[in-house]
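Using the sequences plus the hints, can you model the full thing?
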Amino acid sequence: MIEAHDLTKRYGTKTAVDGISFTVQPGRVTGFLGPNGAGKSTTMRMIMGLDRPTHGTVTVNGRPYAEHRSPLTQVGALLEAKAVHTGRTARNHLRAIAATHGIGDKRVNEVISMTGLDTVAKRRVGGFSLGMGQRLGIAAALVGDPQTLILDEPVNGLDPEGVLWVRNLVKYLAASEGRTVFLSSHLMSEMAVTADHLIVIGRGKIIADGPVDSVISDATRATVRVRSPQASDLAARLAGPAVTVTPAQDGLLEVHGATAVEIGEIAARSSIVLHELTPLQGSLEDAYMSLTSEAVEYHSAEIPGQPHAGSHVAAPAVTTGEDAR
Amino acid sequence: MSAAVATETHRHATPSTDYKLGFGHLLRGEWIKFWSVRSTTWTLSIFLIATVGLVVLISLAFVNVPSPEDGGPPAGTAGNPLDPLSIAVTLAQLALAVLGALTITSEYSTGMIRSSLTAVPKRLPMLWSKAIVLVVSVFAVSLVAVALAVALQWLFFDSKDFSIDVTDPEMIRPLVGTAVYLATIALFSFALGALLRHSAAALATVLGLLLVAPILFGSIPWKPLQLANPFLPGVAGQQFTQTTEQLEASASFSDVGVDLTAWQGYGVLVLWIVVVLGVAAVLLKKRDA
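Chains as they are written, first to last, in full-length UniProt numbering: chain L, 1 to 325; chain V, 1 to 289.
Among these hints, one or two may not hold up.
Example chain L residues on the side facing chain V (calculated, C-beta under 7 angstroms, incomplete) [stated by the list, open to error]:
hint	residue
1	ALA66
2	ALA77
3	ARG95
Since the hints were derived computationally from the structure, they do not count as laboratory data. Every residue, glycine too, gets a C-beta built ideally from N, C-alpha and C.
Given below as structure tokens:
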């Protein structure tokens, strides 16, 4: 179990992680999702004691990582693929790490074959591909047979077979062995199939924290865009316990919780003129974009002739570039 | 691949107690790291070959110095059989300085340091165990180098009365002292590497202090520099590689007025290390990795 409380990291004037609190429970895969620069890696480095928090605390299984008598059996971490001396062979790299905890060559050979490194174990790491480096990083994380596994972008650079393997491995470790798995990614689709629980981070703050299904459905609630000269009148009639109406701008409403058909009928019954009635369909990627669009650190430039990079709504008639939320 | 996952033992949420982070284990880990990169074998081989080769070549030059009658230097200034070793060590120590610095800076340049500190999150034990492995290894190799050099010098030049009398108790301290000095220089370079965390910066600093500074300080006729010269790490430490007789002789030539004994000189070198390594240790504990 990982518990962070009010965790903050500032580099100079820049706040990378801004007072976040969360808990990663054992027995399930927790995804840590966010755009580049959101603070995922910094948070993970603070868990592992590599970065000192400016403020707040984070513990693993009840104490700070550094306080454990046998750190590698508590937490195995892949923080960056190439945290490896390039002149050393993969096998010697793993042997050296394992030796610090009195872990013998038997376990080293075990993780080498688990991660599919048998054929390259005697080669120097400098010549490894990104995928091989990633497998070596995962092997190093597993060598202590840890209770908690922290993987930063583990599928980065892996081939499809490797992606599937990581997915099955973390699910197996969490579900069958009751271990804690904390996995970061900027890929929503990967998270949707791997994680049971999601923590979404943007600009150093937690945006969402909950089971994957509910995070996705919350963020992809079907939205209907309604334009009417009698917007406020319509808003009053639509409002109800299951329906939220957000006035976007003059005469424009965004309605969650009611279908376009229902809105059209209510409007007709009340003789309200509609200028636009557009159902906006959400997808996984939309959910992610809508969660993090405000929190993206590095915006891509617009590509000429293409729709705006941030306009994610799959609507037939997009009249504005405004984000749904 | 997914089948391989199942080979994982069904150990449930109880930590395995047989694996533990201990200092002995840590030394073992650093030992594997130290000997599993090519730079270690390269620098140690270069050091070994340079030391032994230079001692033989310089001895050859010494025994071929013409006699005073043939226009050579006046009698009484003939070389001491220890001199070739001193000169060889002054040059060959640079290979060990490179090794000492790289032992720690290569971890920073490759990113390995983050793997190391993940395994040893308290950090300082990693620094100490690295230092111990380095010092022990360099000391052992240096002893071999000194023994080989002395043996070859005896083999080739004993007939010309130019060899070190190892049965003379006066000679034990300079000979063992040479190996101690070399191991200490490697540690000094390691300390600079730990402080600067950058190979080029550490090497430039250590070579500057060992090689350039003594020449500059000794040749610029400015009193403060000349007074500081004996306290440079290399100059002070090398006092430990000389016989008491040699030290007294050079003290009588020197007009600077600062003459360190062998142990004082070695103490000055150790003091350098204590300060540099101390600051490095504090920073290692405080800085983000």
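Against the structure, the hints come out as follows:
no.	hint	verdict
1	ALA66	holds, 4 angstroms
2	ALA77	holds, 6 angstroms
3	ARG95	holds, 5 angstroms
When each numbered hint is compared with the structure, no violation occurs for any of them.
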